[in-house]
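Following the hints, position chain B against chain A.
Sequence order for the protein chains is A and B.
FYI, the numbering for the first sequence is 1 to 472, going by full-length UniProt numbering.
FYI, the numbering for the second sequence is 1 to 472, going by full-length UniProt numbering.
These are computed hints drawn from the structure, not numbers from a lab.
Warning: the hint list may mix true and false statements.
Same chains, same names: a pair is fine if it fits in one copy or spans any two.
Unchecked claim - In silico lysine-lysine, DSS-like type, Cα no more than 27 angstroms apart, as pairs:
no., residue 1, residue 2
1, K245, K220
2, K271, K335
3, K331, K101
4, K333, K10
5, K245, K215
6, K108, K333
7, K245, K10
8, K220, K131
9, K335, K215
10, K65, K297
11, K335, K101
12, K220, K238
13, K162, K65
14, K335, K220
15, K215, K331
16, K335, K395
17, K162, K108
18, K65, K239
As a plain string of letters, each chain reads:
There are 2 protein chains.
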Amino acid sequence: MKNNQTLYLKIAKIIEDQIHKETLVLGDKLPSVRSAQKLYNVSLNTIKQAYLELESRSLIESRPKMGYYVSKSALRTTTLPTIASIDNHENKDTPEELIHKVYGTIDKSDITQFALGLPGKNFLPIAKLNKGIINAVRNRGDAGTPYEPVQGSENLRRAIAKWALVMEGKITEDDLVITSGAMHAMYNALMAVTSPGDSVAVESPAYFGILQAIKALGLKAVEIPTHPLHGLDLDALKKVLPEIKACCFITNFNNPMGFQMPDENKRELVKLITQYNVPLIEDDIYGNLYFGSERPKPCKFYDEAGLVLWIGSVSKTLAPGYRVGWIAPGKFKDKIIRQKLVQTVCNSSLFSDVISDFLEHGRYDHHLRTFRNKLYTNYLQINRAVETYFPDNTKIAQPKGGFMLWLELDERISTTALHTTALSQKINFAPGRIFSQYNQYNNCMRLTYALEWNERVESDLGKLGRIIKNSI
Amino acid sequence: MKNNQTLYLKIAKIIEDQIHKETLVLGDKLPSVRSAQKLYNVSLNTIKQAYLELESRSLIESRPKMGYYVSKSALRTTTLPTIASIDNHENKDTPEELIHKVYGTIDKSDITQFALGLPGKNFLPIAKLNKGIINAVRNRGDAGTPYEPVQGSENLRRAIAKWALVMEGKITEDDLVITSGAMHAMYNALMAVTSPGDSVAVESPAYFGILQAIKALGLKAVEIPTHPLHGLDLDALKKVLPEIKACCFITNFNNPMGFQMPDENKRELVKLITQYNVPLIEDDIYGNLYFGSERPKPCKFYDEAGLVLWIGSVSKTLAPGYRVGWIAPGKFKDKIIRQKLVQTVCNSSLFSDVISDFLEHGRYDHHLRTFRNKLYTNYLQINRAVETYFPDNTKIAQPKGGFMLWLELDERISTTALHTTALSQKINFAPGRIFSQYNQYNNCMRLTYALEWNERVESDLGKLGRIIKNSI
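Pulled out of the complex, with its shape left as it was, chain A reads as follows (with noise of 0.2 angstroms):
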């Protein structure tokens, strides 16, 4: 492990040899993950890891189905955000306001929305749904009114556990309770793993969302640094786990960064996690969202010990006020199903009918193809519009799939002033102060791109460039 580490490092240093020398130039090809194997005589693996460091110093860059180029950003000032140290934060104050702010015009029409996490309407197959509802309503019967069961309709679990392939069939309707979409699922996970007062590991800058849970619940939140393109640092991680009661992570295409955690880290994560008997709950809506050409495996797919609480949705891809999510919980399953009947008693039964039918019928695949065509082609171009209308020393996070852009802004910047400024120009962000409890990410931003791409959303990020350099 340790002669492999080091060969890897090796390999990247040869490779950043090679691009300041200028022998590897801008948009040259690197050899394929194989040919590299190969020519260097190592592992797949140990090739996979260089190329992944040079990923993550921005040198070189994945480009879908096509391979590793080195990157525009080799050689300009663009780099990526900097990670979040556990410094000791004593003044904990999640900041209810800035958020409420920012949600409260979201349905607003007139407001550009790169603050809304979700896809615009654009994005849905509405038609194919209306039909869905249609076909749904003369299937049943019964205008949807039973009473489904409790741990959620046979036929949609089914249907996850068939359609999540990704899973290797690791999973079966048995494992499986619906739920009324994935915060849903979040909330009832954490009820699940802990008791009021416990700490809980999250990701930082983390989703605001989980945040929220986790005081509602009366828990708190252990903010472990993450790094931009590989995602939770497991060193740090390591240090804090025997104090911790629950882990709550976002592994693939993470909100609000965008970075995919290697599979490396999933399966060290996994082993960390049973060594110190802690639950992990994964929160993975976004993981079919992907620009490479595979879904990335979760966490759950390492799990033996069944301390994975696996949780999905269609809220982020395909009907968001359906309000359907699932979890895997592993060991914690009836648990949930009896939090769940005092809760929530049961999903509607009818928008089960239709999301079965959905993934059953490959509408659901082909839709997903579409959809992810769309993101990687927006995300293209909210990267090159916001390294065309942004100061220069702007530092943008890679998203490998999904549809958020974290920036890092002049450090001078506080994105909660220009948030004010930019709203009363009809544009709607999302200031990266909400995504801590502690006083910090002012300089930050999130960018939401699942937007359909026009001549205002252009004319916007422009009139946000220059808000921005108005405020240095």
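Here is chain B on its own, set in the frame of chain A:
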């Protein structure tokens, strides 16, 4: 007050004597409340109280829209179930396994379900709901995919406020929060007004779902003696109010006992909780299923301090599977909305439209009228069947609405044991034991009569009667 109390008892005594001396005989109509007022030269309320007293002792019975009659019960052994006392119950033991046994078979169609707390499909306007869904799909144009506001669809809230004539304009759309069914409202109401370890007053017998929610939230239930005709014993409640953090009552057509708490008692209850500043969670989901001439007032109507959290839903009357409930949480509104945000985020927009539309166009009221008539007919049927097939010493509650009949059998009988025998003969009912956290109500049972009355039902009640008779 004291004087008035003596007065109504005196009048009751006069009438009781007339019945015993057979001046008034079975089936005779008593003077109307107004005639009696003139006759005895007392207030309307005194007469009402006197009649209520006689009714509580089964000497007279009220017939919807017709008045009071000398009751059949006055002359036979079936009398009202007894009132629970506040005992020093030491061994708390919520009967989870028994509940699981009763509700584990709930989706099996070969079992006659006297246990289900829901109306059967034949009571619901399936065709109109189908049409409602298809209209909503057509009108929306977004297949119901967007999120609703956390507080709930404004249209739906407006429709509920407008439809809730019983509140005489005291609530508006701003006062309401939409929830995923009434249980979700209950859970959130309990969360909003208590902290773990707190005590919550409930009726006894109590709906087991409330007992489960109280337990799940780490609260303690304090069971208050409850009269089968008047509901809660206010004197008993008053004694424990200083120790109590919330009350949780089903005031209209109580589950399981079917009583309607008199208006005077509701007014008095609200006065009491206001005096002690204890929030009252009022589960009023059966309130529209009255057998009498009008919808009874909820306690919320008398609430001026914003201490009553009034819960409604369409799950017991129209569409259980839609998971549409609501709460008028008084001064706890903001807390409830914040809680909902981290739990389920929002409701399904499509069903909000379907239900708004049903409410707005009088379709819901039309359906309720039909539903009430069917339920009253079924009540008469089941009451007759129990009188016919069950042992003579069976005490039968006198529900004033809703669809549940509470029975108290010979005290040597264990309905938990009976349940096993009945289930083996494909008959399911709710044994009394599940309605308390203590080892009581073992000789009681709850029968739901919101099922299609047919030969099978009639013959199964006959079977049940024989099982009971054989068990003594």
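Going back to the hint list, which numbers does this structure go against? The structure breaks hints 4, 7, 8, 16 and 18; every other hint is satisfied.
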